[in-house]
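Undergrad: With the sequences and hints as input, model every part of the structure.
Reminder that position 112 of the sequence shown reads as 112 in this note's numbering, one-by-one numbering, no gaps.
The hints are simulated quantities; they were obtained by calculation from the structure and are not laboratory data. In this text, a Cβ means the ideal position worked out from N, Cα and C, and glycines have one as well. Fair warning: there could be bad hints in the mix.
Said to hold, decoys possible - Pairwise CB distance ranges, derived in the manner of DEER restraints:
#1 S145 / I19: 15 to 21 Å
#2 S388 / H222: 27 to 33 Å
#3 E375 / I218: 43 to 49 Å
#4 N325 / K427: 33 to 39 Å
#5 S388 / T304: 22 to 28 Å
#6 I19 / I164: 15 to 21 Å
#7 N66 / V24: 27 to 33 Å
#8 I218 / K338: 48 to 54 Å
#9 K321 / H222: 47 to 53 Å
#10 E178 / V156: 31 to 37 Å
#11 K230 / T304: 52 to 58 Å
#12 T92 / K113: 21 to 27 Å
#13 K227 / K321: 39 to 45 Å
#14 D219 / V15: 43 to 49 Å
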Amino acid sequence: MNSIRSKLFFLIASVITMIMFFMVAFNEVYFEKYFLKIKKNQLFYLANEIKDPRSLIDLSAIEEKNNIKIYIINERYLKDVDVSLSEEEIKTLFENPKNFVFRLNDTSFSLDKELTIITPYNKNQLLIISTPFSSVKEPVNIITSFHLKIVLTALVLGYVLSIILSRIITASIIDMGETAKRVAKLDFSQEFKSYSKDEIGVLGENLNIMSAQLKDSIDKLHEDIEKERKIDKMRKEFISSVSHELKTPIAIINNYCEGLKEGIASDRETAEFYLDVIMEETENMNKLVQSLLFLSRAERGFITFNSEKFNIEEIILNEVKRAENLNMGNKKITLDIKEKYLYGDKEQLSAVVKNLIENSFKYVEPDGEIIIKVENRRFSVGNTSNISEKEIENVWLPFYRTDKARDRKLGTGLGLAIVKEILKTHKLNFGAYKEDDKIIFWFEGGEE
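TA: Following this line, the structure appears as structure tokens:
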């Protein structure tokens, strides 16, 4: 009897059995006494009514209606009606007209018994009312027999009903248990289905809520673990990239210094060439370190900005002119500047604009086109490129280059990462997307 269904069936069946048992016991032990008490009260009421001098009563009619016998006799004739009273009882009765005596006697002419009430009628006569006891006994036997049949039927129906109820009640509990087992095994494929709004239904709904929250927590944990793995991978790649970016200039500086030390530069012109290379590589390392420091501060939220209205057209024209002077190839350049001013930190957003324009000149396809637009507070620059859609989401990562040869002349690979952090600090919308054969970078300037 370990299951709830068995316990519930046993409980319901026990309650039904106890109720039926007490019903039978009451009929057998107390019902006859209870019925006899009611009959005595009826005889007592009739006796008082007959004794009332104000009432006009037809004794024959009362006898016929109530199946009783009424005698008004002198005490000397008590034996004639099969009633025996002691002298002491007779004396007591006549002392108070309200006194009465009940007798349950055998009759001399029948096997039945009679219930008799004896009370004073006047100073010399007694009122005696008798009713056959069979009129009391027989209904009790009939009712008891009838109740026994009801009890047996009720027991059978009760047991069947208890089985049905136990299955109905425990079905939801069993389903809930199965759902809990699946949740314990981290299987969230099936929810508990509740068709009621009672306590079991509420408990089932809470189980579903707990299951959903647990699933969300586990999913978030998996996401966090995956993010941590990606961050760890990016960290390793970042260290590898920094090491690579520093290793090359350090090697060049080291080799040129050794050359100068060993007197390879035989004349002043050669020596100045060596020194110029050393200074150039030193400057490259300094730029790399400064970019890394800026990027680190930006990611930790340590950079600040002063918003102001600035002339973006001037910055664009200067950067395009500078790129053309650097002989970055013959490109078709289209300028569509419909708005001259934006709002934000001039120095930082200028760095963003310069980086994006410089990148478009660096990475545009040979004989390609560069398009620069400013309108509705939105700056965009696009250039012909064979970059794929999958690569676009990676261009914001530090040290990411679309060229696998890692040409150092194209930069350190930190430019777009810095652009991203500056725009995030300004809380501006920005992004990159592919349109036909061009890659478009854009951001929207702030409002005053």
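Undergrad: Taking the numbered hints from earlier one at a time, note which ones the structure violates and give those numbers from smallest to largest.
TA: 5 and 11
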